[in-house]
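Student: Here is how the chains run, residue by residue.
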Amino acid sequence: MSNAVTPAPAVAKEESGGALSFYGIWLIAAAALVVLPLVFSSGGSLTSFSLIGIAIIFALSYNILLGQTGLLSFGHAVQYGLGGFLAVHAMNAVASHNWPIPLPVIPLVGGIGGMAFALLVGWVMTKRAGTVFAMISLGIGELVASSSLILRSVFGGESGITTDRTSLMPLFGWTFGPQIQVYYLIAFWVMVSAIAMYALTRTPLGRICNAVRDNPERVEFIGYDPHVVRYFAYMFAGLFAGIAGGLAAINFEIANSAYLGATQSGLVLFAAFIGGTAYFFGPILGAILVTYLQLGLTNVTSVWQLYFGIIFIAIVMFAPGGIAGILMKHRPLIRAGTLGTVIPSYLVAAIPTLALALGIILAIETVARFSGGDVINLLGIPFVATAPTTWAAAAVLVVGGFLVARITWRRIAEAWDRAATVARDRGYLA
Amino acid sequence: QESIKIGYIDPLSGGGASVGEGGLKTFQYLADELNAKGGILGHKVEIVPLDNKTNPQESLVQAQKAVDAGIHYITQGNGSSVGAALEDFVTKHNSRNPGKEVLYFNYAAVDPSMTNEKCSYWHFRWDANSDIKMEALTNYMKGQPSIKKVYLINMDYSFGQSVRTSARKMLGEKRPDIQVVGDELHPMLKVTDFSPYIAKIKASGADTVVTGNWGQDFALLLKAAADAGLKVNWYTYYAGGAGGPTAIKQTGLDHQVFQISEGIPNSGNKAAMDFEKDFRAKTGISVWYPRAVNEMRMFKAAAEKANSIDPVKVAAALEGMKFEVFDGGDGFMRKDDHQFFQPIIISSFGTLADKAKEPFDEENTGWGWHPVSRIDTDQTMLPTTCNMKRP
Amino acid sequence: MTAAIQVNAVEKSFGNVAIIRDLNLSVAKGERHAIIGPNGAGKSTTFNLISGYIKPTSGEIRLNGEVTSGLRPFEINRRGLSRSFQVTNVFARMTVWENVRCAVLWATGHRYAFWKNVDNLPEVKRRTAQILDDIHLSHRRDVPAGLLTYAEQRELEIGITIAGGASVIMLDEPTAGMSHAETERAVALIRRLTEGRTLVIVEHDMSVVFGLADRISVLVYGHIIASGTPEEIRGNPKVKEAYLGEEVD
Amino acid sequence: MAELIVISTLNGVLFGMLLFLLSSGLTVIFSMMGVLNFAHASFYMLGAFFGFQLTRWIGFWPALVIAPLLVGVVGMGVERYGLRNTHKHGHVAELLLTFGLAFAIEEIVSMIWGKSPVDYRVPAALDFPAFTVFSTNYPAYKIFMLVVSVVIFIALLVTLKRTRVGLIVQAALTHPSMVGHLGHNVGRVFMLVFGVGSALAGLAGVIAGPSLVTQSDMAALLGPILFVVIVFGGLGSLPGAFIASLLIGLIQTFAVALNGSLASVFGPLDPSLGASPLTDIWNVTIAQIAPILPYLLLVLVLIFRPMGLLGTRES
Amino acid sequence: MLEVRNLHAYYGKSHILQGVDLDIAAGEVVSLLGRNGVGRSTTVKAIMGEVPPQGTIRFKGQDIAGLPSHKIARLGLGYVPEHRDIFPSLTVRQNLILGIKDPRRPGKWRLQEMLDMFPNLARRADTPAGVLSGGEKQMLTTCRTLLGDPELMMIDEPTEGLAPLIVQQVGELIARIAKAGVAILLVEQKLSIAMKISNRVYIMGHGRVVFEGTPEQLKNNAAVREEWLEV
Ligand SMILES: Nc1ncnc2c1ncn2[C@@H]1O[C@H](COP(=O)(O)OP(=O)(O)OP(=O)(O)O)[C@@H](O)[C@H]1O
Ligand SMILES: Nc1ncnc2c1ncn2[C@@H]1O[C@H](COP(=O)(O)OP(=O)(O)OP(=O)(O)O)[C@@H](O)[C@H]1O
Ligand SMILES: CC(C)C[C@H](N)C(=O)O
Ligand SMILES: [Mg+2]
Ligand SMILES: [Mg+2]
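Those protein sequences? They're chains A, B, C, D and E, same order as listed.
Take the first sequence: its letters are residues 1 to 430, numbered as in this note's numbering.
Take the second sequence: its letters are residues 1001 to 1391, numbered as in this note's numbering.
Take the third sequence: its letters are residues 2001 to 2249, numbered as in this note's numbering.
Take the fourth sequence: its letters are residues 3001 to 3315, numbered as in this note's numbering.
Take the fifth sequence: its letters are residues 4001 to 4231, numbered as in this note's numbering.
Next comes chain A alone, as it looks inside the complex (with noise of 0.2 Å):
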């Protein structure tokens, strides 16, 4: 299992020239993260991005063992949690000593604390790749989260330990009590990390790490132990994970046992993969998209678990190569000009295709709010979830929504067949 990697080709080669190019995207991102804020003012979206900020510093963690090394974790939360009561922990201790340590440094502690414990568990855990590491990481992901059930001192049994950051000396008169300032302690981060661990890509282990992810049993033969790769790659991967973990811990002032837990593993799991694993920022998109889900659904419905899995269940089968994976696809059509020619069908085929998923929402939420007979208020449209007319209306927007969606998706496919046939021609698909 440890080529259970996207096999989608990965051809992340960052062009190795055009460094201003390459410069100029992270000072974009810099510069959007300081904007954002200012442009969303509303406290609703600072929480948001506080959360995804945390969020795209975990996935990318993550990415680091199954996109980069294939490595199949479902315990990642570990290096998380851990990185989390480490850093309440430290903040208490600071604030209690009033040591002169400003809250920004503790993050860093965090990912200390994550980079231990991989440090600690990491060489027997990685002696094997695929389906065993991916069942010690599920064992020793229940055994930590269990165990901090248990070891109530340390980890606050279930109601967790709880901190206040603004207990901290404040730094330029920032005491990061207002979320703005919290905001922004999390974009450096974001920031940080993520350049670094981009860089870690584009060094020797982080090539022999794709090298290992390939073909395990060739890096024997080309000098390399690929169990030694592999425990590199973990700690790393330990040490954002414990970053990100600490920056939820400041964020909440609390750390508790499922920090540690299988929900946070699974999610980041997905995130990662749904944003694209094959490519750097592919877990960043999957990060935003699911956090803004766990966020967003919540409001508008009650069933969201069932749109949640859905929506996981249409990634996975229409986009395995993830969203990255789709943009990625154009990449070479915008080179080549052709990617005019694909836009139309996909115009066409929104409208047939938003059908239908309206189509499905009304049928789900007429299911979910039948006995309550409340209203479902869709684009504007009140439809009562017991009258006919909306069960007729559901029926119709899914099955001929259906009918003409698959025709219109069939036409994009040969407009893509086109496209890509000229761009091979001009030579820039291989």
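No lab work stands behind these hints, which were simulated from the structure alone.
Non-contacting residues of chain C with respect to chain A, defined by C-beta distances greater than 10 Å in every case (computed): (1) G2015; (2) N2024; (3) S2026; (4) S2138; (5) I2225.
Simulated DEER-style distance windows between Cβ atoms: (6) G4107/E to I2054/C: 35 to 41 Å; (7) G2146/C to P3123/D: 53 to 59 Å; (8) L120/A to A3125/D: 54 to 60 Å; (9) Q2130/C to G4107/E: 53 to 59 Å; (10) S4014/E to E2231/C: 44 to 50 Å; (11) R2021/C to L3069/D: 54 to 60 Å; (12) R2021/C to M4117/E: 20 to 26 Å; (13) P4052/E to H330/A: 24 to 30 Å; (14) E2231/C to G4107/E: 47 to 53 Å; (15) L120/A to E2066/C: 33 to 39 Å; (16) R426/A to A2181/C: 26 to 32 Å.
No residue lacks a Cβ here, since even glycine has one placed at the ideal position from N, Cα and C.
Let chain A serve as the given structure and place chains B, C, D and E with the ligands on it in line with the hints.
Tutor: Same frame as chain A, now just chains B, C, D and E with the ligands:
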């Protein structure tokens, strides 16, 4: 008039879902009731369900969401673990965001610490905390000579632990002759099959079990007892919850399961019983949380007294407020720790002698709750260690 | 002078089946040595033993005089031995360039470095580029190895093997499945690239064997039945009936 | 004490058997198709709810047959329209598909049957104490569960030995098209295998439903432990899964039954030490760590014997 | 028995087969020669439906173009792919067992005979096929397909990587198979064998058949050999 939003932060998925759903129905019913009578100072009341999966950290995410959505009142009950986190949250939030205060109305998280060392000015609790309940429960048990061997089984978290410790302590004081033959803590909302625990209880030769288990952890516990045919007396906090009554009936423990609560369907109080009837008709469940009724009605009263829905003013008004509780009798919100005091009832579950006086059964078992002892408000007073920090 | 490879009385059995029986082999430094023998004779197994892929049941193997039997493949590789595989064995999802570069990294002393940027290691760049046009794949530089045609993959296989600059190169049927033209090209390539190095090669294509080898050992049922110059081997009757059969095309 | 031992053994064996019923299906799927089916427990839940509903309509015994079949059909559908298209994208994709499926199924179930436990009763025919040991009566139903599990075990052993299905699937994992060239209909075989696996889970649900709770979160409660069982027992080894189930069942029940803690053995620590991990470890009872033990086993086994108890291959 | 008309096949967009015509009569041995990459393997793959074919392919009078490959196989068309697709995790015996389409109706080849014919295989019968030597793998695949007793067998480069002696053996095996009345389409590099055992030869170039005739005719036609076989 924009409406008053109350964030209901409780489990709507996972192990606590069944309990959380019950609570949600209750509050939505109560909101409708208030709105039918013109709402609060003309504002409609709206319950906003926020699923916290019985997880403190998730609860904070939800609480933050609530705040971001401009909500100033949150209510929660299922789990002191969560309760503690929320109490901490409102305290911090209110001190950091003056003018954006949030009040936390607690209807069931009964870990005593929340109104003692951890107490907060922004937290109000309408449920008697677990020490108060245990005090009353042990007072009753004191009078039961049949009790000789007691077995304690509780969920492994702050509430369960406080039940177990206070039980040991109080029984020790009041009935030194009673022998505690077992003291179990099991993982919270994770156990699928309790038969191993039942086997243990059985082996211990206990004649009485004291437990604070709730939700599926109670239902499953009794289901297992039923299967093994364990026949003992049960002194419980939450036997009335979903699944409990069914399991009790299956075991055939006629009036051997006791529950301590601030009210029961067959209270004998006309108003309350009419309410119960209508409530059951509309929601399909029985009133598990009379305290929730008190909470909402008292919220209205306080807002009107303060003639404002500004949380700060409401909080001030609530402090020390006297209030006639749902099924008669007077209660009041103690200023020192924001713990509400009210009459408490110990009831037993079984066949109902007089269907006219006691019309309500549970989960169509034909059995219902019958009061065996009633403790008046002043008897329930316990001192508090809280030194309240007022803004 | 010590032999590049010295195999002394090596035995290897899987379960109770003895595959390699009392194998003795000595390859002098700088020599081009071919191992031929019927299918299943144990040629690849011999490769596996020497390269540390499997451990001998008994006996000893020396690389440049140093005992290597019992070492892990990467340890042996670091001591200057590199091998290719009979079945193509490349890094499918990485580009041709990446494939070769990875093979260069350890040798150029960058090891597990996580503080250097691979893209500006001039030495690495130079060597990788060099290898690529040695194996005529420069034009396919950015194609994921998995998408190469079979013949191209075989060439990449060779490229990866020699990239580390090991002093001892072992190739297992490098030209299998290649056409005559491709084969000839491959042979030329191998000859040039292994100039001044020690080469051990397994082949069934006699034109390759006789065209390339200084010495030939014939392996039958895990035992060397004859060893000598191409002429000697051609003439050897034992070899004829065990392997060559009647004359070859 | 003797009483406790006997009862615990019985309970342990029983829980073990339930685990086996569940994991048997998973072993078939995981070891044959290599799919880490995280939705397996969800199929178990479906089984329970179908069982409940059908029992309402047509009685328990018909339900016992039909419900698993329905679940099997659902499973086949999942394989045919989901996994089959995902297979070529690797195991993680398959796994995430089942992940999402688990989410969806849980919500669908709670949409239809609500979140509170449904009243799924033991059939009257089996609702009597089979026997009584030390005044603890042992429900006939549990004996019934026991018998079913054993029967399944034997049936599976026989069929898996007999049929070439196992071989075909294994071969198809690496070279699907070649298997096709040899004249085997790979698609159908995969669908069949997955169907059977799901049906087994469904069966487990139908018979476990009444004795445990039938509730929309029952899947989540049992999910991970199943992987422990099959990995611990050894991938692809049915006997392994059987033994592992029993072992884990017994260990967990006995752990609960025991009261020991370091404190009870060596006496309490000096209170002056205050709260520390040491005191936690010192005072934790074996009962409390019961839930952890399986995972501890899993990790140890994987470290020291990666192919599991009776397994032959590592993945 | 097999009749291919105007067969086209594509990989993605690259047009590999550009109208191939082939005929094979029952019991006849036909070789398909040509340089690397001219599309010989693709031809057989297209016939087996592994690459989507366009054009008509008739087997025993039935149009099989576009059928799923297991259906084609069950019609009696056997295929031994190049680069030996053995099932590495299964033992040699299990590999052979999978060759048998229906254990209830055994064909004219018996598993035991196969093992007797190839002592190397017999010796390894219960080791995982993945560890077999290259040559053994080749024999295994051939035997495996035989066990499904096909009426026409398409073998792609059977002698690749085989020792000269074994090459002869394989040659003999093929002859043996042919004697048993099985028609054979042989895709080969090594002229010698092809010439020796086949009744007719086709030569492919640029995705088309560029020569058809008896080995004799080919021998005498230096021009064709020059242009299309580069020997
Ligand atoms: N791990 C193993 N277990 C059992 N038998 C093995 C193993 N590895 C190899 N063998 C057997 O050892 C013998 C030698 O195999 P090897 O691959 O060395 O042959 P070879 O000389 O390379 O043949 P070829 O020229 O066809 O590649 C074969 O019969 C093979 O089946
Ligand atoms: N999977 C593939 N994708 C794209 N192109 C391919 C693929 N397989 C083969 N080709 C190309 O199709 C052409 C014909 O391939 P084919 O395998 O039929 O050649 P061949 O005649 O069998 O030669 P040989 O088998 O000796 O290499 C070649 O140019 C090859 O590069
Ligand atoms: C809903 C209640 C049963 C919660 C429980 N009383 C607690 O404090 O945790
Ligand atoms: Mg070989
Ligand atoms: Mg070919």
